[in-house]
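Could you put together the complete structure from these sequences and hints?
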Amino acid sequence: MKREQPFDPSAALRKGRLRTPRESRVHERYLRHSKKFPNIWCAGCGIGIVMGAIVRAVDGLQLDKNDVAMISGIGCTGRMPVYVDFNTMHTTHGRALAFATGLKMVRPEMKVIVVMGDGDALAIGGNHFIHAARRNIGLTAIVVNNFTYGMTGGQYSPTTPIGARAATAPYGHIEQSFPIAELAVTAGAAFVARSTVYHVRELEKYIAQAIAKEGFAVVEAVSYCHTTLGRINHWGTAPDMMRRLKEQSIPLKRAKGAQSETGLSEKEEHGKIVRGVFVDRDIPEYTWLYDQIIERAQKAGSSSNPSPTRREEEVA
Amino acid sequence: MTAKPTAKELLPASGGLGGTLMQGDEACAEGAIAAGCRFFAGYPITPATQIAEVLALRLPQVGGKFIQMEDEIASIAAVIGGAVGGAKAMTATSGPGISLMQENIGYAAMAEIPCVVVNVQRLGPSTGRPTSPSQGDVMQARWGTHGDHPIIALSPTSVRETFDLTVQAFNFAERYRTPVILLMDEVIGHMRERVVLPDPDTIERVERPGTTVPPEWYKPFENFPSDVPPLVPFGEGYRYHITGLHHDERGYPTNRLDEIQPWLERVFRKIDRSLSDILLYDEDGIEEAETLVIAYGATARSARHAVEMARERGHKVGFLKLKTIWPFAEEVVEHASARLHHVVVPEMNLGQLALEVERVVGRHKVRRVTRADGEMIQPARILAAIEERAR
Numbered sequence: 001m002k003r004e005q006p007f008d009p010s011a012a013l014r015k016g017r018l019r020t021p022r023e024s025r026v027h028e029r030y031l032r033h034s035k036k037f038p039n040i041w042c043a044g045c046g047i048g049i050v051m052g053a054i055v056r057a058v059d060g061l062q063l064d065k066n067d068v069a070m071i072s073g074i075g076c077t078g079r080m081p082v083y084v085d086f087n088t089m090h091t092t093h094g095r096a097l098a099f100a101t102g103l104k105m106v107r108p109e110m111k112v113i114v115v116m117g118d119g120d121a122l123a124i125g126g127n128h129f130i131h132a133a134r135r136n137i138g139l140t141a142i143v144v145n146n147f148t149y150g151m152t153g154g155q156y157s158p159t160t161p162i163g164a165r166a167a168t169a170p171y172g173h174i175e176q177s178f179p180i181a182e183l184a185v186t187a188g189a190a191f192v193a194r195s196t197v198y199h200v201r202e203l204e205k206y207i208a209q210a211i212a213k214e215g216f217a218v219v220e221a222v223s224y225c226h227t228t229l230g231r232i233n234h235w236g237t238a239p240d241m242m243r244r245l246k247e248q249s250i251p252l253k254r255a256k257g258a259q260s261e262t263g264l265s266e267k268e269e270h271g272k273i274v275r276g277v278f279v280d281r282d283i284p285e286y287t288w289l290y291d292q293i294i295e296r297a298q299k300a301g302s303s304s305n306p307s308p309t310r311r312e313e314e315v316a
Numbered sequence: 001m002t003a004k005p006t007a008k009e010l011l012p013a014s015g016g017l018g019g020t021l022m023q024g025d026e027a028c029a030e031g032a033i034a035a036g037c038r039f040f041a042g043y044p045i046t047p048a049t050q051i052a053e054v055l056a057l058r059l060p061q062v063g064g065k066f067i068q069m070e071d072e073i074a075s076i077a078a079v080i081g082g083a084v085g086g087a088k089a090m091t092a093t094s095g096p097g098i099s100l101m102q103e104n105i106g107y108a109a110m111a112e113i114p115c116v117v118v119n120v121q122r123l124g125p126s127t128g129r130p131t132s133p134s135q136g137d138v139m140q141a142r143w144g145t146h147g148d149h150p151i152i153a154l155s156p157t158s159v160r161e162t163f164d165l166t167v168q169a170f171n172f173a174e175r176y177r178t179p180v181i182l183l184m185d186e187v188i189g190h191m192r193e194r195v196v197l198p199d200p201d202t203i204e205r206v207e208r209p210g211t212t213v214p215p216e217w218y219k220p221f222e223n224f225p226s227d228v229p230p231l232v233p234f235g236e237g238y239r240y241h242i243t244g245l246h247h248d249e250r251g252y253p254t255n256r257l258d259e260i261q262p263w264l265e266r267v268f269r270k271i272d273r274s275l276s277d278i279l280l281y282d283e284d285g286i287e288e289a290e291t292l293v294i295a296y297g298a299t300a301r302s303a304r305h306a307v308e309m310a311r312e313r314g315h316k317v318g319f320l321k322l323k324t325i326w327p328f329a330e331e332v333v334e335h336a337s338a339r340l341h342h343v344v345v346p347e348m349n350l351g352q353l354a355l356e357v358e359r360v361v362g363r364h365k366v367r368r369v370t371r372a373d374g375e376m377i378q379p380a381r382i383l384a385a386i387e388e389r390a391r
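Protein sequences appear in the order of chains A and B. Everything in the first sequence is counted per my numbering, starting at 1 for the first residue and increasing by one. Everything in the second sequence is counted per my numbering, starting at 1 for the first residue and increasing by one.
Take these hints with a grain of salt, some might be off.
As the list claims (entries may be wrong) - 27 Å max Cα-Cα, derived DSSO-like pairs, lysine-lysine: (1) A:35 - B:365; (2) B:219 - A:65; (3) B:365 - A:36.
To be verified - Anything over 12 Å on all C-beta distances counts as not near chain A; from chain B, calculated: (4) 60; (5) 224; (6) 241; (7) 250; (8) 316; (9) 358; (10) 373.
These aren't lab readings, by the way, just hints derived from the structure by calculation. For every residue, glycine included, the Cβ atom is placed at its ideal position computed from N, Cα and C.
Structure follows, in structure tokens:
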């Protein structure tokens, strides 16, 4: 009887017995080979899954890498742009959307993707988040929500669940949390969706829809931090927390108020992560509107609003 | 008999006696457009609001863009983002706003992003006296953001000079790939003067140098021979990384001391080696002087008046007006005051640039004339300080 060999996918690949779908290697065309890997994220982290979903979404949309910018703030998620082969900018804490707003104004033809963590987007950057949504400027905001400040060691963030313990909430967290997607809808975003790093194909689809959208588009990618918040709360390992995302999330159509026979009651829905597209509406995009302003200003001509600049010879 | 010009004839649109009646803030906005500024992001604040108002009107006329952001932090961030996109970009604010902008000014210094930050100084600290002038942000302009970094700061004395120095600020920003601060003050910003602006065709505009290397060779932070590596805008086929972390020549984060130290040396060297270009000042009567007056900004107007009064009284007074505040004109001041024992430094603060003058010429030689209550320094006080030596 032949002894069973441990499964080795690379050996199988070499022998041609296992065909890897094209999609699983797409990321290699989008990562910076001149940047030394491995990345800074902990083994088991969900941020890499979001990065993979983004590059596959960009690939699916067949965008030219030269026309894509990725801008981030500070934190674990803030480190994502350095690894991807776009026009990338790692800015200051909370301000990524404001930097991106300037870039989008000057280069409206570019696809500007902004990646932020929950603390970056909603605590220090909360004001920029709601105003970018209100303005409906054509940025794609991807918020990786791991419910904590991972890089600094598990302090409570605007999305930390009430009752959880955190490095700065040793007696339990007493603040309500922001529902990111719902906040973005209310603030005026053109497209808002939420998925998790477990539902990676769905996440990729939502990110692609968001990038394709003209207007401010938000995707909340629910993740976890097993090395800080998860450890402090004894939520288990990365696979345990991944499993929780699977078990504790429900599609939007089953959520409260949804017109569906399978809709859950309020009690059943409590504590669940609702996944889906929350809004997808057509409202005029900001840089497009500004182009109309330029047209109007130039049509009005210099006669009605003369430049105060006068040439020397005119007055000589 | 020649009739006196009517009020209507004196209005800007009529031409009248020639020139235009203009505020310093308006001259700043027009200077920015003349320099090629095509993106402005700002937030309303007295006494800098007029700059934003003029640019909201004027920028779209020339194909540029204006945006009012949600705060000053967002404004400077958007300006940096716009500059990375290739536009000449500016923001304008006053004390409270400039305090908020400091972190991102440091980002611009770290990432070497050309941009212009106008600070129309008002009396602080905190909300202070919003409609009153001050020169209280001189040291903040130099050291406001955390960490060692080079900076250029210019300070105009008149409406016309505000126009010229705004153009110059953009030119320095692009030439040296650095944020440049234009230190105005409430008097200069709100004062109206008759000005004749230069022919736009005669204005020197520095454009951002491009690179000649293909994208795969391009290093945005290279130790370039000129110490100023070209910055290619995003979206032009040169995909690279910008970060506020210490970085290597390609822009990737680094903790290697052999990459951090050369960067630090280069960014200071690029300013230091070009002082002859960057240091702008006016001087007169230095050679025969027994007393030297060093002034800048609105205070230089009082100082000029005091110097003239002193000369009428027979005193030998030299006058040095600094337009470039940072980097500090050490050698210029040192040379001008070498033979002298009496240097008068008037300023609308409790002695900020005077600290630099004292460092260069010696504390015992410097007579500070200070005021930090939101009112200008009268020429008589400066004259009295000049005459102290004569007594």
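Going down the list of hints, with the structure as the test:
{"no.": "1", "hint": "A:35 - B:365", "in the structure": "violated, 56 Å"}
{"no.": "2", "hint": "B:219 - A:65", "in the structure": "holds, 18 Å"}
{"no.": "3", "hint": "B:365 - A:36", "in the structure": "violated, 57 Å"}
{"no.": "4", "hint": "60", "in the structure": "violated, 4 Å"}
{"no.": "5", "hint": "224", "in the structure": "holds, 19 Å"}
{"no.": "6", "hint": "241", "in the structure": "violated, 5 Å"}
{"no.": "7", "hint": "250", "in the structure": "violated, 7 Å"}
{"no.": "8", "hint": "316", "in the structure": "holds, 36 Å"}
{"no.": "9", "hint": "358", "in the structure": "holds, 35 Å"}
{"no.": "10", "hint": "373", "in the structure": "holds, 33 Å"}
In terms of the numbered hints stated before, the structure departs from hints 1, 3, 4, 6 and 7, listed from lowest to highest.
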